[in-house]
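**Q** Same order as they appear, the protein sequences are chains A and B. Residue 45 in our numbering sits at position 45 of the first sequence, with consecutive numbering throughout. Residue 196 in our numbering sits at position 196 of the second sequence, with consecutive numbering throughout.
Keep in mind the hints are simulated off the structure, nothing from the lab. Treat the numbers as computed from the prediction; the structure is a model and nothing was measured. Each residue gets a CB set at the ideal place from its N, CA and C atoms; glycine is no exception. You can take every hint at face value.
No more than 16 angstroms apart at the CA atoms, straight line, and that leaves these computed lysine to aspartate or glutamate pairs for EDC-like: (1) B:64 x B:87; (2) A:55 x B:330; (3) A:333 x A:346; (4) B:208 x B:257; (5) A:333 x B:87; (6) A:98 x A:110; (7) B:27 x B:121; (8) B:4 x B:248; (9) B:55 x A:328; (10) A:55 x B:328; (11) A:333 x A:345; (12) A:167 x A:250; (13) B:265 x B:279; (14) B:333 x A:87; (15) B:55 x A:330; (16) B:333 x B:345; (17) B:265 x B:365; (18) A:15 x A:140.
To spell it out: a stretch of chain B is covered by chain A in this simulated footprint if at least three of its residues, at any positions, have a beta carbon under 8 angstroms from a beta carbon of chain A; those stretches are: (19) 45-53; (20) 106-120; (21) 294-306; (22) 315-327; (23) 347-361.
So you can see what is in the structure, the chains are spelled out below.
2 protein chains.
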Amino acid sequence: MNAKSIPGGTITSAKGFLGGATYAGLKTKGSLDLGILYSEVPCVAVGLFTTNRIKAAPVLLCQKHLVNRRAQAIVVNAGCANACTGERGLEDAAAMAKLAAGRLGIAPQDVLVASTGVIGERLATGLIAENIEKVALSKEGGHELSQAILTTDTYTKEIAVAVEGGKFIIGGIAKGAGMIHPNLATLLCFLATDAAIDAHFLEQALRKEVDISFNMITIDGETSPNDTVLILANGLAGNEIISEGTREAEAFQAALEEVCTYLAKCIAGDGEGATKLIEVTVEGALSLADARVAARTVASSPLVKAAIHGNDPNWGRIIAALGRSGAEIEGSKIDLFLNNICLMEEGCPYTFDRDEVRAAMMGSEVPIRVCLNLGSFAATAWGCDLTEEYVTINSEYTT
Amino acid sequence: MNAKSIPGGTITSAKGFLGGATYAGLKTKGSLDLGILYSEVPCVAVGLFTTNRIKAAPVLLCQKHLVNRRAQAIVVNAGCANACTGERGLEDAAAMAKLAAGRLGIAPQDVLVASTGVIGERLATGLIAENIEKVALSKEGGHELSQAILTTDTYTKEIAVAVEGGKFIIGGIAKGAGMIHPNLATLLCFLATDAAIDAHFLEQALRKEVDISFNMITIDGETSPNDTVLILANGLAGNEIISEGTREAEAFQAALEEVCTYLAKCIAGDGEGATKLIEVTVEGALSLADARVAARTVASSPLVKAAIHGNDPNWGRIIAALGRSGAEIEGSKIDLFLNNICLMEEGCPYTFDRDEVRAAMMGSEVPIRVCLNLGSFAATAWGCDLTEEYVTINSEYTT
Chain A
1 MNAKSIPGGT
11 ITSAKGFLGG
21 ATYAGLKTKG
31 SLDLGILYSE
41 VPCVAVGLFT
51 TNRIKAAPVL
61 LCQKHLVNRR
71 AQAIVVNAGC
81 ANACTGERGL
91 EDAAAMAKLA
101 AGRLGIAPQD
111 VLVASTGVIG
121 ERLATGLIAE
131 NIEKVALSKE
141 GGHELSQAIL
151 TTDTYTKEIA
161 VAVEGGKFII
171 GGIAKGAGMI
181 HPNLATLLCF
191 LATDAAIDAH
201 FLEQALRKEV
211 DISFNMITID
221 GETSPNDTVL
231 ILANGLAGNE
241 IISEGTREAE
251 AFQAALEEVC
261 TYLAKCIAGD
271 GEGATKLIEV
281 TVEGALSLAD
291 ARVAARTVAS
301 SPLVKAAIHG
311 NDPNWGRIIA
321 ALGRSGAEIE
331 GSKIDLFLNN
341 ICLMEEGCPY
351 TFDRDEVRAA
361 MMGSEVPIRV
371 CLNLGSFAAT
381 AWGCDLTEEY
391 VTINSEYTT
Chain B
1 MNAKSIPGGT
11 ITSAKGFLGG
21 ATYAGLKTKG
31 SLDLGILYSE
41 VPCVAVGLFT
51 TNRIKAAPVL
61 LCQKHLVNRR
71 AQAIVVNAGC
81 ANACTGERGL
91 EDAAAMAKLA
101 AGRLGIAPQD
111 VLVASTGVIG
121 ERLATGLIAE
131 NIEKVALSKE
141 GGHELSQAIL
151 TTDTYTKEIA
161 VAVEGGKFII
171 GGIAKGAGMI
181 HPNLATLLCF
191 LATDAAIDAH
201 FLEQALRKEV
211 DISFNMITID
221 GETSPNDTVL
231 ILANGLAGNE
241 IISEGTREAE
251 AFQAALEEVC
261 TYLAKCIAGD
271 GEGATKLIEV
281 TVEGALSLAD
291 ARVAARTVAS
301 SPLVKAAIHG
311 NDPNWGRIIA
321 ALGRSGAEIE
331 GSKIDLFLNN
341 ICLMEEGCPY
351 TFDRDEVRAA
361 MMGSEVPIRV
371 CLNLGSFAAT
381 AWGCDLTEEY
391 VTINSEYTT
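Next comes chain A alone, as it looks inside the complex (with noise of 0.2 angstroms):
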């Protein structure tokens, strides 16, 4: 790894980005709910949006204001999702986008928006009106940006690497299952970059590292209208610009994916309820696509999570979860090891030691890795166990 990890780094470690947030009154609860992500010059910007069908109003207008691949703030709040809205939510997400121009002195198509939180209740412009002003932005503020964004999770999500001896640098933030009121677990993340690097390779470098990190992690197999990933790249760093094929656009991309892995895993291993981060990895698969889905497949089966949540070596519910996935399988080829122990070789039960592997499994991460002895792709998915409280947290009533 060419990417060096910086103790304490956050989303504004990069050069030239400020941060800052404030509790605006959005959120029942008196933590921060309002934040800026600031650039001192406007950025080469790109995001990556929900597939849902429903899009929150934020994320519409996100699609609007990166047409020309070009931002220099973000703007974001818990407490609302502003989704299912209408005609009316698109109206406040750009009066929020508009605030915060104001605020900072930029025009509004460069401003951001992005929102988590309760669906189906219109955001509070007001709130923000009144309160955008009290956010005080400073290179430490990412730290509080990162607080800004968190609804049940239970810790920040927070990393910056110094990339080729800290010629440029990658920080980000970034948030998962959550809740305010009963509602969907929104994947927002952020990340801001000082390098200065051409927006199409950043847009395929963005969507390559997503597609490997965020699209592998899997709560409980519910997509948000919200999910969010946006990167902005101001050039402070003042290197050459980054296009694709050179050597500065592999090292780019290597610390974009141990960023963007990095967050997933916390995402992943924060799930609502979850105690133990799984992670799940298929190889000797006949495609890509077969690798993916298996990986997924298993590391979101509610049985699988379940019996890992119970320290329990259930091993047919993996193999069971597999023959679901839709990916070509040979029952009788295949391998599989739980917390590195074999448990099942060429599709027969091995004999194994079940005290031994249950107490493997009570760390907190637990590896699975099926080889399916087919073909030569791999993937890997993270996801986490299945607790009562899951269903506690997303059954009480708190609206």
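Got chain A sorted already, so can you dock chain B onto it with the hints?
**A** Coordinates of chain B only, in the frame set by chain A:
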């Protein structure tokens, strides 16, 4: 409806069918675990099986024995699924058919086999050999048989209907979500009719009804390697052979629908840990496929299921599930009703009395109706609420 429910009816209600069961020691608890359905004469027989690529040995054996669309008996056990057991599992399933054939004095080829229980363990055919003679067959024996297929189901699922003023009878039993050891829920359904019927039409009729009944229920999104629906028709009613396009065919089809839908709803409502049946109807879809996938996605959404458990009219989750279902939808056209109370009209939140809706949701059945207002296709799916108990059942270490 020309089909009349028979009080106390079961799978042996049709002429010439006998049933019975015994405890053979396959379950750890001392409840019935080995049963037989027997017809006094050979039957036209059709089966539909799991789409899981990992198919249990009894499924593979049934497919082989049904090539001639003829059978005279079903032998079934609980306690062991005989799945993921390789070549030896196939030998064990064949041995079980042979033992039942010996007991009944018929050819092994005319015996169908089904198993439910733990995956990955060999079937104790020795116990079956020792105990098969203890299965006493009788006209009332369908009730015992319906018990012998249960695992953690909380009640038996039985029905019989008399069609066209008693011209012929269709009876059926089923089992759903249940475990002995933590394991996959298996769907088993056996149907028996004394109608004389054309084999081709019977298969077509069964496929149609299974598509709108068993294929539209969901407990947890898992497909078992053992799922099996079998129908035997022995012709002892003495009716003219029913074939496609006749009035009798219509009557048979309608009665079969009643039987399959009843049993499917029983299974959905008796899902592991469930306290409520959820019925999701999607209307106004652009295609039947869209209506089906939309209804099933809502019925299987963990967040919708958890909200219903908590009597929470959290309609945003329903809309979000529709949005990720893959069905064509337009957010601005959707009408949504929960317990027949409108929550959303033309995509906009409709003002409703939250306490009134909450109170209505407290019953044992929660109907959700969605009008997409795009086309003329409709479908209904059934599921159950998601409870802490589901997680507890499936995470307890009991093997």
